[in-house]
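So in our numbering, the last one in the sequence shown is 249, and the numbering has no gaps at all.
Some hints here could point you the wrong way.
Here are the in silico distance ranges between beta carbons for each label pair [stated by the list, open to error]:
#1 Lys40 with Glu147: 52 to 62 Å
#2 Met64 with Lys182: 36 to 46 Å
#3 Asn193 with Asn125: 22 to 32 Å
#4 Phe153 with Asn117: 12 to 22 Å
Since the hints were made in silico from the structure, they are not lab data.
Cβ atoms here follow ideal geometry from the backbone N, Cα and C, with glycine treated the same way.
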Amino acid sequence: MSSKKITILIDAGHGGQDPGAIGHKGLQEKKVNIAIALQLKKLLDNDTMFRTLLTRNNDSYLSLKKRRQFLKKNQVNLLISIHVDSSKKKYVSGASLWIISNSRMNREINNYVKSKNSNMCFSQTIQNIFNENKNDLFLKKTILDLQFNNLQKIEFDLSKYIFEQFKKKIKLHRIQLNYASLGILTCISMPSILIETGFITNFLEEQKLSTTYYQNKIANAIYLSLKNYFLHKF
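The whole structure should be built from the sequences, with the hints applied where relevant.
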């Protein structure tokens, strides 16, 4: 096992004037997100394998732009974004995992290569290569495609460990990865997974998500999945 710590960035979705989804009894998503994020940080910080960062550590509003700037400024090995789902169908429940869709990432890659607006961010190493080869569009496209393929494999592998722990501890909405066009997931310098921890619009799940016990249960499941994945990887 390497002596270098693995840096995990925990992103608690919403916050401040943005409550996120709201349950039938008034539970706000932002409060669940930060509670789980803080507990997950506590668990990871007590493990010598990890170093953790939070995009927010209180009930503050952070725009997507600022969250992405945070990603660019810090050397991170993995992004875990914590959210709570919602649905017009009150019976829908369970946790789910999301990664960036191929179409969204390919669009970001193509936009960057063509020097159009892009939300992408990547490591300083890749940035240095691009700076030295500004006019080599083929090289840029090739490097970014390879980087994306590598990150996607990591996300696939890690998701198996998260599903394994979630099956033991909480209900799953789907036992498969979902793909989305979400800006927080477009950073190609690190693997990124968004976790919807349940449906706040489901009466029973809203009640569970409001308790410290269940929030800690989710955080513990995420922690164990990260621990097991990185132990296996190294």
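A quick look at each hint next to the structure:
1. About 57 Å separates the C-beta atoms of Lys40 and Glu147, a value consistent with the hinted range of 52 to 62 Å.
2. In this structure the supplied range 36 to 46 Å is violated for Met64 paired with Lys182, their Cβ-Cβ distance being about 23 Å.
3. A C-beta distance of roughly 23 Å is found between Asn193 and Asn125, which places it inside the suggested range of 22 to 32 Å.
4. Distance hint check: the CB atoms of Phe153 and Asn117 are about 20 Å apart, consistent with the given range 12 to 22 Å.
In this structure, the one hint that does not hold is number 2.
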